[in-house]
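Based on the provided sequences and hints, a complete structural model is requested.
Taken in sequence, the protein lines are chains A and B.
Counting with our numbering, you get residues 866 to 1290 for the letters of the first sequence.
Counting with our numbering, you get residues 866 to 1290 for the letters of the second sequence.
Only pairs whose alpha carbons sit at most 16 Å apart, straight line, appear in this in silico EDC-like list of lysine to aspartate or glutamate:
1. K974/B <-> E1071/A
2. K1241/B <-> E1207/B
3. K974/A <-> E1071/B
4. K1241/B <-> E1200/B
5. K1241/B <-> E1265/B
6. K1241/A <-> E1207/A
Ranges of calculated distance between the beta carbons of each label pair, as one might list FRET restraints:
7. D1132/A <-> A1185/B: 30 to 36 Å
8. A1206/A <-> L1030/B: 43 to 49 Å
9. E1189/B <-> G1170/A: 19 to 25 Å
10. E987/B <-> E1118/A: 42 to 48 Å
Over 12 Å on every C-beta distance to chain A, these chain B residues come out as not near it, computed from the model:
11. Q963
12. A966
13. A1026
14. G1052
15. A1110
16. L1148
17. D1194
18. E1199
19. G1202
20. D1290
Just so you know, these hints were derived from the structure itself, not from any lab.
Cβ coordinates follow ideal geometry from the N, Cα and C atoms, glycine included.
Protein chains: 2
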Amino acid sequence: MRAELISIGTELAAGITVDTNAAWLAGRLAEVGIPAVRHVTVADDRAEVAAELRRAAGGAELVVVTGGLGPTEDDLTRPALADALGVGLRTSSTALEQVRAYFLRAGRKWHESNARQAEFPEGTTPIENRWGTAPGIRAVVGASIVYCLPGVPREMAEMFAAAVLPEIERRVVGGGDGGGHGLGSGGVILTRTLRCFGAGESNIGEQIADLMQPGRAVSVGTTAQEGMIGVRFTARAASRAEADALIEADMNEARRRLGVLVFGADDQTLESVVGALLVDRGLTLSTAESCTGGLLAKRLTDVPGSSAFFVRGAVTYSNASKTEVLGVDAGLIEEHGAVSAEVAEAMAVGCREQAGTDFALSTTGIAGPSGGSAEKPVGLVYIALADSAGCRVRRFTFGEYLPRPSIRDRACSTALNLLRTRLRD
Amino acid sequence: MRAELISIGTELAAGITVDTNAAWLAGRLAEVGIPAVRHVTVADDRAEVAAELRRAAGGAELVVVTGGLGPTEDDLTRPALADALGVGLRTSSTALEQVRAYFLRAGRKWHESNARQAEFPEGTTPIENRWGTAPGIRAVVGASIVYCLPGVPREMAEMFAAAVLPEIERRVVGGGDGGGHGLGSGGVILTRTLRCFGAGESNIGEQIADLMQPGRAVSVGTTAQEGMIGVRFTARAASRAEADALIEADMNEARRRLGVLVFGADDQTLESVVGALLVDRGLTLSTAESCTGGLLAKRLTDVPGSSAFFVRGAVTYSNASKTEVLGVDAGLIEEHGAVSAEVAEAMAVGCREQAGTDFALSTTGIAGPSGGSAEKPVGLVYIALADSAGCRVRRFTFGEYLPRPSIRDRACSTALNLLRTRLRD
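What follows is the structure, encoded as structure tokens:
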């Protein structure tokens, strides 16, 4: 019981866009014990797509295709699937109704080219798209079941979860629906991840080197992105409970060794963890940002329900706004410069007073690419955390070689981590 | 003259890591006129990799493989390539010296397992890796030339640039080196993109449907992401100048038809275009955000040099902060609610006055996932733009089905686009 994944798109084949759909689908299929043994990417080329569909259907019981279902001339998955099946296209009135209804609901103007999205190869079944315009397709090619999903990652994920996964699970667990396409029982492959911040990948890797040896029941690996270190635990077992128990034991050991470096697991983010800590204690936060330009407030308000702890943020980009909005002494800026420990502190203290919050975080620094000097290089950021006990300022150098978005992102993560460790004490 | 790309790795096949190597390589190959017609991802499985190598070599004159060259038990590209060639493995003393020298240089401890990295299929050529431990391999399989590169993106890119690209260019431009593997003359493949906002993909597709017909000298396609529509133009020609001219003609025609919907091209963003328009005219901007929570200011300050036009931003998340920071009448909020045209207008007008800027943008809405009602559903956002002539407020419904990040992102894009069209007039 295996799956093949086909990603369709000239943008993908030409390397203009990185395909994330195949990796996402492979992860979801692994969770129900189905290995995605091959992923193939091909351009929007009718003959190539048809050939690939036939080849994949010959090699795996399950084929998941993404992309090429849109309303424009270069969306060729529908005719290519018809070619692979040796049939024609026919409009589904139900699907046409659904596409029209989506446009109505979204308040968008109907264009006749959208009707193309309701054409399907004869003998196949449309899958409703409640999150966008292009319906999916369910087909049987040879001995394989083929699902065609939209290429837009969000629509693909929603349709997979709503319409494809339940069907696959019935087949895997229930041993088929009598239609001859049962996928067999494969156990589960479970992956969980510890989220860490505050040390490098090699430092973290050394502390858990024995867990990372090959040949153990749980495979453990590390990944690094913008200072966030993920420690991934993967186990294959007969049941979810068994895989959970295997992983839990290793995760607990890693948590014990890594201590404060671990801030969460799986989908948790620094901002969601900080938000939960604040809500638990009934505490509030405000922000005063210079170099991070609103990113810190944005990340905090990414958290649903953030109005329970986040009161307000100031993006004081000009020197005058630091004085007018936060009450930073203009003389202080003149004496020490806007990028200084003194100004970071005055920003945080002023912000906290004016917002009336328990905590205030401030950032001021040089995000680049220009504006650095020998004394104050690109990547220099001061971060201050004010609370009822006073204000603590720290100086960070994120490295002149980092691009502007990375410096801003790391400054925000570092600010959030300062508050997290403060709340943890 | 075509290329196939093979990415090898269980982490990739299982969806734990997203493969970026294939897209990067496809982009570099396109620049020298070689289309990467297929990318295939397979797990670290000796038989599968060998089969894939044979299949790819049968289908393309150039095959670039990444991954599986490391020192551990699960690195199987070397034996799989030997299987595909029907030969054995033999240690290269030159390569062994180079691997040992790298360890010495990097100050790393030598482990005997690393010697495995100096074993190569008979008849193949090692490629030195000056950026890591695993050497690459150059091989001839059937009528194809096969390059095996490390999976670490940085090492892959360095080795490709230093050892593979010059060889490919010699073959493409020079018509082969007499070894029987000349790739022919390929010219260049050039891709450019128009960036559009303000209409759906189908609307834009219909206006340029004739340009999107297959078989034309320029291949034209559309993509959509969070309301941003990209119109991509790809041309293949003998020279860069010729490809440029072909694309320029089509792009100009599309620009003419799409008018105000086109905001830029290639790497331009709404915020970079708005920033450039403001700087050109010597105008300034401030922002007052509720539901977008700092994302609007963040996007504006993503633009390097944004301090030339962006003065300050207020993230007024609580009702009290709208009154205290922006001077919004508390009675107005009580009467109409924080999510209303009246409050959006008062926010923008108050923000502009206090910041002393030429323009102020405000947002207030319901980003979800909860907090919606029949009258004010999730996705409802009011956006106001204040200037010296007054204030214009607009109401948008971005759809209850959209997730919180999409609603916030679209609200910001819409706000930026309102200012863009205002500046364009």
